[in-house]
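K.L.:
Okay, here's what each chain looks like letter by letter:
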Amino acid sequence: MRSTVADEHVLSSLRDEDLALRAHRDFDAFAELYRRHLCPVYRFVRSQVPGDAAAEDVTAQVFFKALSSAASFRAEGSYQSWLYRIAHNSISSWRSSRDKGFLVLDEVPESVDPEPSPVVVAIAQEESSLVRETVEQLPPAQREVVALRYLEDFSIEEIAGITRRTRGAVRILLHRARSRLRKDFEGKELA
Amino acid sequence: MTGAVEQAVISTWAYSPRPAFSAELLDALRRAAGLRLLPPAAPGHERWVLAGSIAGVATAASAAVYGFVKLNRKGSAA
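First to last, the protein sequences are chains A and B. Residues in the first sequence are numbered consecutively from 10, following this note's numbering. Residues in the second sequence are numbered consecutively from 415, following this note's numbering.
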């Protein structure tokens, strides 16, 4: 059943948590949550996995899990933290499958255009920039907390909840990541 | 971390999904939800077990169909 414009207006005015409590019996409520969170969740996932195709697969998993377990959401915490905990678990599973040597289709190299367009060349140049190189060389746990803190603006406490770590452990990971980035950037005279 | 470096981190990860991806995934999710909402026939406790089973199978099937369609598209584009 399609929602009316009036329904959509009501849904768009609701808080995430109110929508989440309806999401298991009202797909339009879930769709509103999806519209609000797809871009940031994709951006976070893409910052953690190499390649757009892998990011799409993991993002799809996140929202299928969010839909299938919508009834388990409790309003004690924020919906955003709950969703990112699903994203954290999905990324961990993806890494685990990759590390066990399972075939990950997204890592199969796609055919290469023998004469790349100027746009492709420009993207390749950007991707080889020192900044990208340095950030992407952070260990996965550090990269994850940096993304949650600076990209998604979560507090230390929220990051601890999402990643199932203590606040102290999150602070240490952030400190190490900052030190490493600062050192690398200053060494390359970018800071 | 300095503000400049923080900005560099943010711009490095300024990714956004393909516009088509957003619509494709929402459509797949809608289909999964539609299957789950089929009224269960069995009464009492069993109907919830059945509903849960249908939901699980529907979600898994939709995810599989989504992956299959994606693979086909990737294959035909290559």
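Since the hints were made in silico from the structure, they are not lab data. C-beta atoms are modelled at their ideal positions from N, C-alpha and C, and glycine is treated no differently. There's no promise every hint is true.
Stated by the list, open to error - The calculated lysine to any residue pairs, modelled on SDA-like cross-linking and capped at a C-alpha distance of 20 Å, are:
{"hint": "1", "chain 1": "B", "residue 1": "LYS484", "chain 2": "A", "residue 2": "ARG31"}
{"hint": "2", "chain 1": "A", "residue 1": "LYS192", "chain 2": "B", "residue 2": "PHE435"}
{"hint": "3", "chain 1": "A", "residue 1": "LYS192", "chain 2": "A", "residue 2": "SER164"}
{"hint": "4", "chain 1": "A", "residue 1": "LYS192", "chain 2": "B", "residue 2": "ARG444"}
{"hint": "5", "chain 1": "A", "residue 1": "LYS74", "chain 2": "B", "residue 2": "ILE424"}
{"hint": "6", "chain 1": "A", "residue 1": "LYS109", "chain 2": "A", "residue 2": "ALA84"}
{"hint": "7", "chain 1": "A", "residue 1": "LYS74", "chain 2": "B", "residue 2": "PHE435"}
{"hint": "8", "chain 1": "A", "residue 1": "LYS192", "chain 2": "A", "residue 2": "THR175"}
{"hint": "9", "chain 1": "A", "residue 1": "LYS74", "chain 2": "A", "residue 2": "GLU142"}
{"hint": "10", "chain 1": "A", "residue 1": "LYS74", "chain 2": "B", "residue 2": "SER436"}
{"hint": "11", "chain 1": "A", "residue 1": "LYS74", "chain 2": "A", "residue 2": "SER101"}
{"hint": "12", "chain 1": "B", "residue 1": "LYS484", "chain 2": "B", "residue 2": "ARG432"}
{"hint": "13", "chain 1": "A", "residue 1": "LYS74", "chain 2": "B", "residue 2": "ARG444"}
{"hint": "14", "chain 1": "A", "residue 1": "LYS192", "chain 2": "B", "residue 2": "GLY417"}
{"hint": "15", "chain 1": "A", "residue 1": "LYS74", "chain 2": "B", "residue 2": "GLY417"}
What the hints assert, rightly or not - With the Cβ distance kept under 7 Å, some of the chain B side facing chain A (calculated, not the full set):
{"hint": "16", "residue": "GLU420"}
{"hint": "17", "residue": "GLN421"}
{"hint": "18", "residue": "THR426"}
{"hint": "19", "residue": "TRP427"}
{"hint": "20", "residue": "TYR429"}
{"hint": "21", "residue": "LEU440"}
{"hint": "22", "residue": "LEU443"}
{"hint": "23", "residue": "LEU449"}
K.L.:
Would you list, in rising numerical order, the hints stated earlier that this structure does not obey?
P.N.:
Hints 1, 2, 3, 4, 5, 6, 8, 9, 15, 17, 23 not satisfied by this model.
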